[in-house]
Amino acid sequence: MLGYISKRLLEIVPTLFGITLLSFLIIHLAPGKPTDVLTEMNPKITPEARERLEKLYGLDKPVIEQYWIWLKRIVNLDFGESFSSDRRPVFEKIWDTKQPLMERRLFITFLINVLSMCVIFLVAIPIGVSSATHQYSLFDKISTVFVFIGFATPGFWLALLLMMFFGIHLDWLPISGLKSMNYEMLSFSGKVWDRMLHLTLPVFVSAFVGLAGLSRFMRSSMLEVIRQDYVTVARAKGLREKEVIYKHAFRNALLPIITILGLSVPGLIGGSVIFESIFSIPGMGQLFYMSVMTRDYPMVMCILTIGAVLTLFGNLMADIGYMIADPRIRAR
Amino acid sequence: MVMSNYSPKTIFWRRFKKNRLAVAGGVIVLSLFLIAVLAPFLSPYNPNDIDRKEILEPPSLKHPLGTDDLGRDLLSRMIWGARISLAVGFVAVGISTLIGMITGALAGYYGGWSDRIIMRFIDIMLSIPTFFLILAVIAFVGPSIWNIMLVIGVTSWMGVARLVRAEFLSIKEREYVLAARALGASDMKIIFRHIMVNSLAPVLVSAVLGIAGAVLVESALSFLGLGVQPPTPSWGNILTLGKDNIEIAWWLSVYPGLAILITVLGYNLLGEGIRDSIDPRLWGTDEH
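Residue numbers (our numbering), protein chains in the order written: chain A, 1 to 332; chain B, 333 to 620.
Bound-form chain B, shown alone:
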């Protein structure tokens, strides 16, 4: 244990910075943030400006990534699309993490019947093919950006719940929790102040990885026409145009997919990097 004199935070940063893939993931995620925030300044054209004289133009100096079937600039639409994927990813994962933390805490802390019911419910949710479930719900509530955020969130909390439950089971019998209980702390206080804070690290990792999953699901839904609706640009619904014009406009298929790939890769690398740097069992070892 060479580094045991340093605080966990320092060790985390040292390990994280050493992991080149994790840093690359962080840079990708940060750049996407900047692109999304600065979209109005970065995009060369208004993403919804129709130009009937420039329909399905291949990439050129004027339109670096080409234009779509209505003559809209693809680069501008993709920059604005970054906002959508970021927003959907964060809100959906926020919802699923919240549900997962609450149900996981209830199951792990109280045990008994609440545990049995929650775990059985999770088994049921996991045996319905996720994409079927999402599509069925979307069919009834109707496709819109808010609905898909909600539906992705409500159908993807099971992993977090299991994680939090396992953490609670291992932490709730520790001395400091027993001490808090002996001192008369309420259940609420023990759950949130003493146990939850100590199980946040794995939750953070699964949230970052969850954003990657949510971005993929959103793009698939939008591709099928059940997600973000045109004219709002999203990488998924641009790919629908790519499919419709597959024989004449390769740029409509290639670029948006690449954007999704890079985004998902970024969140995955970042998430795995955080996991490796956070895990105390790996501290003091330098293998990477």
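Just chain A, with the same shape it has in the complex:
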């Protein structure tokens, strides 16, 4: 079992290396120099100052050498300084150790993604299983329609509609930020409740799109499994239908779903850019959007790399989940 995990970990290394190379090349082969953003805003800058700046960022060296220097630095989580006016170290902006956990951008994005994964898992799987075990029933038909519509719904539009309905029309839920203005004055339970209210819409919206796809996969995976001989055997043995479905069929049907859940991680993380900008959530996605708009290159490269690392982490988790669900792999 440990052997399997360490083998997967070893496989991640070249991919990680490739990701850093790719994100480095994207930025450095693009037209113009990264420092142009710093210099073009300032007409008074002299050619000498420009040269000094390029030297500071190592831009006078060949690209391969620059990459090597950058790689050596990011191993220590040193992604350089932000180009924005605060000039803070890039990594500190997404993971500020002086702040409480709930104020760190990376943690906020991570939390919302984990919560929406849980929602997807808890809602999509029962829907998929019941659709499959009651194929062609009314419930199956309704959920099929829901899946097709859910698949086609732009998440940011759904966010706008929900903001309009629950936030403005009914005034039940807050529509921006992660805490109320009077947060500091609230009691502990009041604080928890306030957080939950603020998280409801973002988590729901980011879960919604994935929900449709996953319940569809669960349905077809379950349909395939309940046609297998061993399920017929289980029935023939005289087991109750519940036992047949949940003990024999369900675990096998779950296997491909775990893989798909792992594959959906990059989509979820990427989607955080949109949801965090709509709901003004101070997470990594919102910062990425702002950095893209202001061409804050060190920031963009840092978040690109961190996003990829999170994806690989998600895939690894899926592999481990797969291993727990499938004894055949554990035995290997």
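FYI, nobody ran anything at the bench for these hints, they're computed from the structure. All of these numbers come straight from a predicted model, not from anything done at the bench. There could be a bad hint or two in this list.
Calculated lysine-lysine pairs in the DSS-like style (CA-CA distance at most 30 Å, straight line) [claimed, not checked]:
1) A:K141 <-> B:K350
2) B:K575 <-> A:K191
3) A:K72 <-> A:K98
4) B:K349 <-> A:K141
5) B:K575 <-> A:K179
6) A:K55 <-> A:K72
Since chain A is already given, all that's left is putting chain B on it; use the hints.
Okay, now just chain B, sitting in the frame of chain A:
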């Protein structure tokens, strides 16, 4: 095998026509085509005509879907927006399909090192959150309709490549390919004339589904202000206005989103319908 006397094309049409959802998808896609082509004749107003006396008017007889913050007619802007989403969808998917077919063919046909390098590269591309990658590239090349077509195309070919590779792996050892090789056909000829044509069906399905994805990505990019730039109307950038005026103008949020939903739904239904009708394993069975 009841229908085995008919040609594959006939069977395809019969199965397709029986699938009501697929036909509905086809009708939606066809209507969108017509709307896009006939935009100059269908739109009641010039989409860029500013009318300062009619700012943020709710839907009425004069403006069936209302007006935006500059008094432009929303219906007209949405009709012209159909052109944008259609163009972006087709060009982006054209690019991604082309890249995917070439890389998939190289990996599947030659195997060995080219296969290993291409597959590793695909793994890398798939582990970078797609939307992050697209935004990062757009940040450097600048937002414009051509750039987003290119960027969406260049970041979404991996699925096609895997598909084509799998097809090549299964087809390249078949007798007729071996026969062609024995007769001295060149690699190029075998790849394109003998293998590629036989793997086109799944590629077509993934292309149709890919258009749906591209339309969604374009609208999200335009919504964030990194896609199609105003005053060119696109459903995504109209939704930006919807967000800015969310408390006063519901029509600016509701209608463009609905248009995106219907478009994506249409391509998805059509794509899945083609897949079900094309799959020979389902032929002769009539369950639907």
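Here is how each hint holds up against the structure:
1. A:K141 <-> B:K350: Holds, at roughly 18 Å.
2. B:K575 <-> A:K191: Status holds; Cα separation ~28 Å.
3. A:K72 <-> A:K98: With Cα atoms ~25 Å apart, A:K72 and A:K98 stay inside 30 Å; holds.
4. B:K349 <-> A:K141: 20 Å, holds
5. B:K575 <-> A:K179: Between B:K575 and A:K179 the Cα gap is close to 21 Å, so the pair holds against 30 Å.
6. A:K55 <-> A:K72: 17 Å, holds
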